[in-house]
Amino acid sequence: MSAASQAPPVLVPRKRRGAELFLLVLALVVGVGAYVAVGLGFNGEVPADTYTLGGGMAVLAVVAHIMVRRFAPYADPVLLPLIVCLNGLGLAMIHRIDLSLEAEDSPFGPFATNQLMWTFIGVAAFLGVLVVVRDHRRLQAFTYTFGLVALGLLLLPLVPGLGANINGARIWIQVGPLSFQPGEVAKLCLVVFFAGYLVVKRDALALAGRRFLGIDLPRGRDLGPILVAWLLSLGVLVFQRDLGSSLLFFGLFLVLLYVATERPGWLVVGGMLFAAGAYFSYLTFGHVQDRIHGWTDTFEMYQTGQFAGTYRYAQVVDGLFGMGYGGLIGRGLGQGDPTETSYAWSDFITASLGEELGLAGLMAILMIYALLVERGLRTALVCRDAFGKLVAVGLAVSFALQVFVVVGGVTRLIPLTGLTAPFLSYGGSSLVVNWAIVAVLLRISDQARRPVPEVRPLAQDDATQVVKLR
Amino acid sequence: MNRPIRVMAIACLVMFVALMANINYVQYVDADDLNARDGNNRVLHDEFSRERGPIIVGDRQIALSVPVDDEFDYLRTYRQTNLYANLTGFYSYINGSSDIESSQNSILSGSDPRLFVNRVIDLLSSEQSKGGSVELTIDPQAQRAAYDGLRDLEAGSKGAVVALDPDTGAVLSMVSMPGYDPNPMASHDFEAAGEAYQELIKDPNRPMSDRSREEIYPPGSTFKLVTSAAALQNGYEPGSKINSSAALSFDGIDYQLTNLDGSSCPGSTLEAALAYSCNVAFGAVGLDLGGETVREQAEAFGFGDDSYLDDLTVAPSQVTAGPEELNDPQLAQTSIGQYNVAATPLQMAMVAASVVNEGTVMKPYIVSEVRSPEADPLERTQPDEYSEPMSSEAAAMLRQMMQATAEYGTASGVGLPPGSGAKTGTAQRGEEQNPYAWFVCFDPEGEVAVAVFIEDASGVARDDISGSGLAGPIALDVMNAVRPQ
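Line order of the protein sequences matches chains H and C. Here my numbering is used: position 76 in the first sequence is 76, and no number is missing along the way. Here my numbering is used: position 385 in the second sequence is 385, and no number is missing along the way.
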């Protein structure tokens, strides 16, 4: 027997769309069940609009599912159910916070109707990406377009008359009654830009320079791009006072640089730049110092009431009180006091969920996020082209970083920096972009898991052998 | 590129594990600490809207939660506040809580570990958790008698009464005048509650400070019981000869310690000196014993301690204002309860109680039993020894001396039942101010020890007999209320 006849077992690609449908039903049960539980917990009765809302959610999910069947039949079957579950939980929690805000005659809210509208738009964006982007590799052609768009979006809030200062951060644009966070969209654009750029330049950037402590450090002349990314992140921090986004952007670039070049040396260089930038900002900017002190002396600040202009100290403590109050199994949806914490519906929604669903519920939510990241990284692993790998890693890691930064900040693992919890927090721009991001991930995984098109061997004819001339 | 992707997968795993470990810490390990922290409105709001358990005296609920129709569901209500406000304290959303409401909060609110099973059952049956009840040791008749006695004094009088069971240390009566009404502070109208609190805080009479335990006053001649105990512990007997002269002089100092009326002591024994409350005799005894002996004896009774009562705050009684060395005139004055000696009425009741309990002071306690919401007993307070300031022989001799005081001495006019023992006291204040009047006593059977203190004994001459004329009858009424008739 010759070696040639021992062909490797043919991997029969499975679409697993049935599994996706089953998981979607589970996700809907969680989301709609949470909505019913809120009604039962708060008023003692099932909300009257359960059927319309549950039906609407189901229609959205089923439409998304059918479109995935049609346009990305080999896509990862777990991603869509995961985000439907998160989105549903978020909606239920935001609705629950609305009820409390209304009872307290709060000037805030209601948020749930808007969030529902944004969910529709998010699903539309999801479908749009699936339909329009039939092959993710096409995106590579627009590398620099995406880069310019990202830069423009980041600069947009600084345009006078268009940008709005909300809670001390200049990251919003206001058009009429609608406010929008262009930084969220910039996240997706930046990942595509980084990936496209690095795919082309990675060979040069991977050239080793000096060797230090067993790690190959990059050459000095290749430092240009990372310095630009670093300065850009610092710019976001300085001019927009947005610590969270600044961290996220720089972290993303660093990760993609490392993955593209396979050189840990870039992590060392980036880590040092990060440390230098962090130290410099700590020394220079009051709002960074506030965050650090609010982290180290949280309770002292809270007790002595030194909150003038720095409401976030109180916010962290109120959030921790809520989570402690929730304990192991939580107060039950509708039965806690989440509105004791300011911004319980956006950055602090994980604290609200921890209060009402308890440690058990919050662990499950973190698990969903972890699965989301894991499926994204798996997509990157099986993807057959470098550009797709980089985009998938970038998007998966952006979720991981974002969850780490916001949940870590809320639970006082790291200093608090404002970011939204993906799919859970109230906020249109974030929700829509995250749906689009998952659509891109599905597109890449569809491409990656699709059976390799059969290559018909050309008729053996030496005379007509194709010769590469260049 | 797959190797760095795997490295990133591990990095993401590390981040998620860190987040999960951290929420386990926050929501499980640290949760109790977080719930107990100041300013935790959730816990406060939750407690406030729960059915809080009652505080019980006899078979009456003196503090209870009444259902009301507002966001908190229950309004904390206090009954017979004249008699009990100094013990129940108040429970307020914005002013915090005090006294039993504060010290027994975990039982009353239902958050106590001993009520864990109840909470699980409530959780499973979706019932709103209720608080357990706290029963006090107070004898309602004795409390009423003490209050009536103080109230019937001249209007505006201030004072306190404490009655103890000498065998167990149970507080049978604890009254402070003037009192206050905790109900306005428990109001759900928080603005009004805050104003009520501020008004009480600003009141120059400090009605929220319990004069029976949170304030110290010069005990005057009642401190001679402590000096007597020190003497009997150190070789003196009731029949020992003492200095019965009219004045005590000190070398090189132009000061004389005199008896109240300036005459010499009507008797020449230690017993007579106590019965007639002779200052010179006790000044000399104190000098003979030395400052350290007197101080140690006082500390054996509880002076200097700030935790001689569970569940309620107490002020430490003092022999001297600080760790000062006393010179002779100061020691002589200290020995008769002047100079810087100051004590709570509760402390003086403990001294009297030890006399009829063979020299042993039982630790006073105010909570007799805590119960579950279903009135099942959770814990009954067991009597506990506090200290042994005297041998039983010394205690028997001191008992005899106090009985003599009641029989033919300064307390003889009060009409205590035969066999009772007593000691009067009048402590000087400034020339223009009325003196403090004290009266401590025990009944013939040794079932109750009483201390009565009147802060403003108006219209009274500055001598012991007049002081006892005011305070003595109150003590007698309290004693009679406790004793089986």
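In short, the hints are calculated from the structure, not lab data. The reader is advised that the hints may include incorrect statements.
Beta-carbon label-pair distances, calculated as ranges [as the list claims (entries may be wrong)]:
#, chain 1, residue 1, chain 2, residue 2, range
1, H, THR296, C, ALA192, 38 to 48 Å
2, H, GLU300, C, LEU123, 31 to 41 Å
3, C, LEU123, H, ILE121, 36 to 46 Å
4, C, LEU378, H, PHE22, 48 to 58 Å
5, H, VAL452, C, ALA21, 22 to 32 Å
Stretch-level coverage of chain H by chain C, calculated; a stretch enters the list once three of its residues show a Cβ under 8 Å from a Cβ in chain C [stated by the list, open to error]:
#, segment
6, 226-236
7, 253-259
8, 357-365
All values derive from a computational prediction rather than experimental measurement. A virtual CB, placed ideally from N, CA and C, is assigned to each residue, including glycine.
The hints, checked one at a time:
no.: 1; hint: H:THR296 - C:ALA192: 38 to 48 Å; result: holds (40 Å)
no.: 2; hint: H:GLU300 - C:LEU123: 31 to 41 Å; result: holds (35 Å)
no.: 3; hint: C:LEU123 - H:ILE121: 36 to 46 Å; result: holds (41 Å)
no.: 4; hint: C:LEU378 - H:PHE22: 48 to 58 Å; result: holds (51 Å)
no.: 5; hint: H:VAL452 - C:ALA21: 22 to 32 Å; result: violated (42 Å)
no.: 6; hint: 226-236; result: violated (count 0)
no.: 7; hint: 253-259; result: holds (count 3)
no.: 8; hint: 357-365; result: holds (count 4)
When held up to the earlier numbered hints, the structure conflicts with 5, 6 and fits the remainder.
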